[in-house]
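Single-letter residue listing:
Protein chains: 2
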Amino acid sequence: MKPQKAAFAEPLALACGITLPAFELAYETYGELNADRSNAVLVPHALNASHHVAGVYADAPGDVGWWDNMIGPGKPLDTNRFFVVGVNNLGGCHGSTGPMSANPATGKPWGGDFPVVTVEDWVQAQARLADRLGIDKFAAVMGGSLGAMQALQWTLSFPERIRHSIVIAAAPKLSAQNIAFNEVARQAITTDPEFHGGHYYEHGVVPRSGLRLARMLGHITYLSDDAMMEKFGRTLRSGALGFNFDIDFEIESYLRYQGDKFSTYFDANTYLRITKALDYFDPAAAFGGDLSAAMARAQAAFLVISFTSDWRFAPSRSREIVRALLDNRRVVSYLEIDAPHGHDAFLMEDERYMNAVRAYFGNIEL
Amino acid sequence: MKPQKAAFAEPLALACGITLPAFELAYETYGELNADRSNAVLVPHALNASHHVAGVYADAPGDVGWWDNMIGPGKPLDTNRFFVVGVNNLGGCHGSTGPMSANPATGKPWGGDFPVVTVEDWVQAQARLADRLGIDKFAAVMGGSLGAMQALQWTLSFPERIRHSIVIAAAPKLSAQNIAFNEVARQAITTDPEFHGGHYYEHGVVPRSGLRLARMLGHITYLSDDAMMEKFGRTLRSGALGFNFDIDFEIESYLRYQGDKFSTYFDANTYLRITKALDYFDPAAAFGGDLSAAMARAQAAFLVISFTSDWRFAPSRSREIVRALLDNRRVVSYLEIDAPHGHDAFLMEDERYMNAVRAYFGNIEL
Numbered sequence: 001m002k003p004q005k006a007a008f009a010e011p012l013a014l015a016c017g018i019t020l021p022a023f024e025l026a027y028e029t030y031g032e033l034n035a036d037r038s039n040a041v042l043v044p045h046a047l048n049a050s051h052h053v054a055g056v057y058a059d060a061p062g063d064v065g066w067w068d069n070m071i072g073p074g075k076p077l078d079t080n081r082f083f084v085v086g087v088n089n090l091g092g093c094h095g096s097t098g099p100m101s102a103n104p105a106t107g108k109p110w111g112g113d114f115p116v117v118t119v120e121d122w123v124q125a126q127a128r129l130a131d132r133l134g135i136d137k138f139a140a141v142m143g144g145s146l147g148a149m150q151a152l153q154w155t156l157s158f159p160e161r162i163r164h165s166i167v168i169a170a171a172p173k174l175s176a177q178n179i180a181f182n183e184v185a186r187q188a189i190t191t192d193p194e195f196h197g198g199h200y201y202e203h204g205v206v207p208r209s210g211l212r213l214a215r216m217l218g219h220i221t222y223l224s225d226d227a228m229m230e231k232f233g234r235t236l237r238s239g240a241l242g243f244n245f246d247i248d249f250e251i252e253s254y255l256r257y258q259g260d261k262f263s264t265y266f267d268a269n270t271y272l273r274i275t276k277a278l279d280y281f282d283p284a285a286a287f288g289g290d291l292s293a294a295m296a297r298a299q300a301a302f303l304v305i306s307f308t309s310d311w312r313f314a315p316s317r318s319r320e321i322v323r324a325l326l327d328n329r330r331v332v333s334y335l336e337i338d339a340p341h342g343h344d345a346f347l348m349e350d351e352r353y354m355n356a357v358r359a360y361f362g363n364i365e366l
Numbered sequence: 001m002k003p004q005k006a007a008f009a010e011p012l013a014l015a016c017g018i019t020l021p022a023f024e025l026a027y028e029t030y031g032e033l034n035a036d037r038s039n040a041v042l043v044p045h046a047l048n049a050s051h052h053v054a055g056v057y058a059d060a061p062g063d064v065g066w067w068d069n070m071i072g073p074g075k076p077l078d079t080n081r082f083f084v085v086g087v088n089n090l091g092g093c094h095g096s097t098g099p100m101s102a103n104p105a106t107g108k109p110w111g112g113d114f115p116v117v118t119v120e121d122w123v124q125a126q127a128r129l130a131d132r133l134g135i136d137k138f139a140a141v142m143g144g145s146l147g148a149m150q151a152l153q154w155t156l157s158f159p160e161r162i163r164h165s166i167v168i169a170a171a172p173k174l175s176a177q178n179i180a181f182n183e184v185a186r187q188a189i190t191t192d193p194e195f196h197g198g199h200y201y202e203h204g205v206v207p208r209s210g211l212r213l214a215r216m217l218g219h220i221t222y223l224s225d226d227a228m229m230e231k232f233g234r235t236l237r238s239g240a241l242g243f244n245f246d247i248d249f250e251i252e253s254y255l256r257y258q259g260d261k262f263s264t265y266f267d268a269n270t271y272l273r274i275t276k277a278l279d280y281f282d283p284a285a286a287f288g289g290d291l292s293a294a295m296a297r298a299q300a301a302f303l304v305i306s307f308t309s310d311w312r313f314a315p316s317r318s319r320e321i322v323r324a325l326l327d328n329r330r331v332v333s334y335l336e337i338d339a340p341h342g343h344d345a346f347l348m349e350d351e352r353y354m355n356a357v358r359a360y361f362g363n364i365e366l
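Line by line, the protein sequences are chains A and B. Here the numbering used here is used: position 198 in the first sequence is 198, and no number is missing along the way. Here the numbering used here is used: position 173 in the second sequence is 173, and no number is missing along the way.
Worth flagging that the hints you see were computed from the coordinates, not collected in a lab. Mixed in with the good hints there might be a few duds.
Claimed, not checked - Below 16 Å or equal to it, Euclidean Cα-Cα: the simulated EDC-like pairs (lysine to aspartate or glutamate) are: (1) A/LYS173 with B/ASP226; (2) A/LYS173 with B/GLU230; (3) B/LYS137 with B/ASP68.
Since the structure is predicted, the reported quantities are computational estimates derived from the model, not experimental observations.
Assemble the whole structure, with the sequences as input and the hints as a guide.
Given below as structure tokens:
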């Protein structure tokens, strides 16, 4: 695997009203585009992932792609048959143009001035990449969570360019509770004294405490109560209560570790923007809240998958999407998997889940 | 209503191993203790409340007690018939000895040196207050959430001093997820640069950002997803998306307001300790995790109430308590109320809930 970059000189008008004069996207491809250019599959990423979807880099064999159990030679999304494209989102921190990039107007990093981008913006940018790669029509777009929202949006922004949309662990819009968790995460970052209105790069600091808290909180919502209890229970790290505010329970140790790790490699400005993209996503809004009306544009066939223990985007949220598709007599398969892991189930090994995706791709004609 | 204080000169040995040389408890009473001293009801408080359980102060008519819909003349817990005692917990910030009190060893506020107190410690301190008030045996102890854990613990620490225990919206111990939320709240406070290891009073500052985040997060867990959606939905505060990090949605405005308000009146050191008391509560731990064995000591009759939409302490957690009591052939009534509000339902007006509590107290003989 080797990450690549594509630079786009044509301005991109964003939903916020700002126009990016130019931008770059970091991406990776797996497998070969066939002569018909009919075997391309786009895999947008969720909150904290990147274009590095599968495989390893020659110089970093430990850095395995985030969906490597799903994508690769002989895997459910088989790269012997399909040409897979992973892409880092606009506003990201893994190589695509984002808050850490230079603002052409100042020559300094955009920082807090980088626009608030949306799922629609991401899809527009990804379409430019598709053009560049010579892909008129994707065989499929597949994503989980926020990635699934992009898979959904593709069928609305470019209905004629998507044959199949695979929408996993998604919701057609965030609930008030979903937004609330995002808002606490954002407030943790923006009230960190090192945030400096997003211009922390200039100060040589990072709002690490805030980003760490945001990640700790996020992790709670990715796991089910039962899965957490199964994995950590009330196990004490040192065998006895400490009667202080150090780590007592294993779950505390886990969260602190995850928060610490994340805060060393992820950009806080990107985190803020990704949570806003989640909050803003609501394709039905332009149709008075009528999701069925919104989905009328879609032409793709759909595979929708949810997980019973996912309380972030519960199966009922996926069923809203399915219902809207059925209202439009679209071709849709729906799978509700009885999995214990919570929202993170979409990233995990589950035979029924993997087999379903494998079977679905097996039936896509090239 | 008038708050009172009781000072106790006899040392109190705490679960952590530290002995408090002396302490004070702030409390309030409602109604009259009868000649038999048989009509006393103790009402311990939950996370952010106090001894001000019901009624108003003459000089602050807007400061209504936190359970005023439940307790008062003619109310479900009728103070025309019962003598109700509200008490601020040890380690609190509403008048009882706590982190803001002077440490006798230094003459300065305890701050970060105030011990980590437990539910058992609170019950021990409350027993001293009962002695002082001449109450050998309470007709009942009633609490919701963390208050319910104290109502439960009373039946274990002083089985012969409690006739009825009313345990509302409780759990016999926190789950890993419950602890996880508490830990994020604590980390928000302790990593606030104004925290100074809990000795912020000396620096003339308050870890307001951290406390604010803790409260925002807490609020999410007090409400159900559905109740939040019903109350706030995705309503925009100004009618349009802002494409910045100011308030877009009403739910964000609500959380920020609640966090701001709380951070001006509550003490962060107390918040830390109350969350630890929650985490540590686990009466079954000393019995190898066997709650039935732990509950064998209890002699009281129980009323256990849960609310269907409470995901912080779901009905299944209350049923664990009921099962342990039934295993011991204790007298127990269990009520699972189909209420939409989430954990906060225990503080709300619900006719079935109020009537059940009213009926239960009506049947308590004096």
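Status of each hint after checking the structure:
A threshold of 16 Å between alpha carbons decides the hint, and for A/LYS173 with B/ASP226 the separation of about 14 Å falls inside it, so the pair holds. A hinted pair counts as satisfied when its Cα atoms are at most 16 Å apart, and A/LYS173 with B/GLU230 qualifies at roughly 15 Å. A threshold of 16 Å between alpha carbons decides the hint, and for B/LYS137 with B/ASP68 the separation of about 24 Å lies outside it, so the pair is violated.
Violated hints amount to a single one, hint 3; each of the other numbered hints is respected by the structure.
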